[in-house]
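Novice: Each chain, written out:
2 protein chains.
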Amino acid sequence: MLTRTESEQRIARLQDGLKEKGVDAALFIYPIDIYYFSGTRQNSVLFVPAEGKPRLMVRKSYFRAQGESVIDDTRPFPSSKEFPSLFPPQVKRIGFTFDVAPVQQYQYYARLLPGVEFVDISSLNRELRSVKSKLELERMRESGTRLCGVFKEIPGFLKEGMRELDLAAEFEYRLRKAGGEGYVRMRAYNQELFQGLAVSSGAGNPGFFDGAVTGRGLSNASPHGASTDTIQANVPVLVDYTGVFNGYIVDMTRMFVVGRLAPELERAFATSLQIQQHLAENLKPGAVCEELFAQAAGIAESAGLARNFMGAPGENAKFVGHGVGLELDEFPVLAQGFKSPLQEGQTVAIEPKFVLPGLGVVGIENTFAVAREGGVKLTDLADDIVCV
Amino acid sequence: MLTRTESEQRIARLQDGLKEKGVDAALFIYPIDIYYFSGTRQNSVLFVPAEGKPRLMVRKSYFRAQGESVIDDTRPFPSSKEFPSLFPPQVKRIGFTFDVAPVQQYQYYARLLPGVEFVDISSLNRELRSVKSKLELERMRESGTRLCGVFKEIPGFLKEGMRELDLAAEFEYRLRKAGGEGYVRMRAYNQELFQGLAVSSGAGNPGFFDGAVTGRGLSNASPHGASTDTIQANVPVLVDYTGVFNGYIVDMTRMFVVGRLAPELERAFATSLQIQQHLAENLKPGAVCEELFAQAAGIAESAGLARNFMGAPGENAKFVGHGVGLELDEFPVLAQGFKSPLQEGQTVAIEPKFVLPGLGVVGIENTFAVAREGGVKLTDLADDIVCV
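Protein sequence lines, in the order shown, are assigned to chains V and S.
For the first sequence, position 140 matches number 140 in full-length UniProt numbering, and the numbering has no gaps at all.
For the second sequence, position 192 matches number 192 in full-length UniProt numbering, and the numbering has no gaps at all.
Hints are computed from structural coordinates only; laboratory data are not their basis.
Careful: at least some of the hints might be erroneous.
Pairs count within a copy or across copies, as identical chains cannot be separated in the list.
[As the list claims (entries may be wrong)] Dumping the calculated BS3-like pairs for lysine-lysine here, alpha-carbon to alpha-carbon at most 27 Å:
id, residue 1, residue 2
1, K177, K318
2, K21, K318
3, K177, K152
4, K318, K81
With the rest of the complex left out, here is chain V:
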């Protein structure tokens, strides 16, 4: 549960950001943004002036929001007529999340507030959210513990001849019993993920997903994750899953094989571990995101695996780590073009992976917190390939 104190701290940081950008207020309409500041994800709109108290206006369910929101001024959504009168006249520039707000919503609020200029505060919002509080880090550690508990059970049910889909079903069943909430929020407009990927011979298929691995999936309509291909001896099995608990996501990958892996795959996996270790050691405040990516790509290149790094040759993803928290695709991103320095308390899923066409996919992924001593692993389970 979000405390009133922590909500106030989050609002205060937002207000500092608004003032710095010369924006008079923020208007949030996206559920998880509202949850972050208020403690409720009911269908609502959150108004935060750059100075003064926030106001939560609830469409549905007001009853439930009253019990969850820590915003003092929580009220039913006003009529369209009343709505403009709730905005102080000094609000001339209002911040809005252009990254996720559909044009129709923007037009609706712009019509309600004539003369007010809407400005994009997507980056500010994502930057604020990227730095986790002590409470959030505890939540994420708890998510990590629960997800690792499910990963530990894999050797008990992974069998040669089962479909990737059967492996997924067994994993997801245990994840759900452990309290997994299932729905994985992503901010990018064209991304979607059903919990994770349990993939083996289908792992090397390129796909729409902004990651190293997409999987073949079950149809062209749902082209990601497990397929009906069967798991065969000596073919790497990559299990890349999220765990969502109390809204907080962690993301991890482990490798399994029935039998043994080819030496090329073993060697590529060792390179994944080497990259992970380098990045974890350097996951400190001040480290520059794109420099970490360049270093990771450099290690892959030294190992003669540049073409295979983070995707099938020619379809390589251009990152090696991504922020994670209430959404799977948070800031920061360890990628070319991200020039910002890491901050203490950010949480990053580091996932060096290699696609070796004809052989399979190997890699590792753990969620880390950025700390002065280097990355603190929140998904605390041995990294080794498990042979069953």
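Start from chain V and add chain S according to the hints.
Specialist: Leaving out everything else, chain S in the frame of chain V:
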């Protein structure tokens, strides 16, 4: 798999709609819209001139899209420089889905195409999609058969004392093994659903979800669906799940109870069946959506259950059925304000439900196709309450 012929028919219907609205072309950026016309859901942009051939421009994965798309002109996404030159100069007004396109995406494309006016074709797009082809109706019937297969197994695992979450996990496990794709697409910007609801004592909680039932869920961050409450004797158990196969969703609800239901609940359930029967009989081309809703509400009122219809008293949802197909919230909607007549081939989930505070929630839901002889049930399983 979408055939080339059917894709051409869909494009032709869209082009008729564009011409009728005086729009020169459409630009789709939303994955499932693109899938509907092209057969691929890879990360792409689809351009459809009001006259002439469509063009699919693929960001990721071009390799995979080549194997899936039935659009002749399928090519890699062009550079920003090249992009405008691909648009014929006579394109002055371009249709865009303002309902789902984020402001940032709109601004991006508007910058690339200066002087072009963007107009909202959300309704046209949804209207076209609402009428299913023979192929789509077969797909949905297949989804119905598979989902019913899982519902049939419920009496085998539903037990007194298990958590709502355990019931959900058992159901979802079997759904996944049956080939369920899991990710349920919704168009509304603030809605999300993790597959469905397995709810009993938590069923009556109001919530954000635009439906009669939301469930308590596992946390304030994920406040829908199963909770950790246990299933108790004589308390109704409502299982409301979607099944997604080949992208096509069906939606159904059945009632279960360990023991017996109170007479008030039995009576409310009988009223649900009565409403369903009335609507199914009248689910014919030409029937007006809002009149069907009014008739349903009238039957509820005659039974003395107006306050309990489609939600907890004071939190009642204002509809009794919704279109379903590639998305869970398609057109048509059986609700006040929807004045359009039904069309043959539309598919509608009809879900009369009653929330009786302190007693529980009962109701029924089936997915029907609109036909001349009245609704054809695509979720072909007995409607009765199952006592275990």
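Novice: Now look at each hint and say whether the structure bears it out.
Specialist: Outcome of the hint check:
1. K177 - K318: For K177 and K318, the Cα distance exceeds 27 Å both inside one copy (35 Å) and across copies (34 Å).
2. K21 - K318: neither (30 Å within a copy, 41 Å between copies)
3. K177 - K152: For K177 and K152, the Cα distance is within 27 Å both inside one copy (14 Å) and across copies (21 Å).
4. K318 - K81: between (48 Å within a copy, 22 Å between copies)
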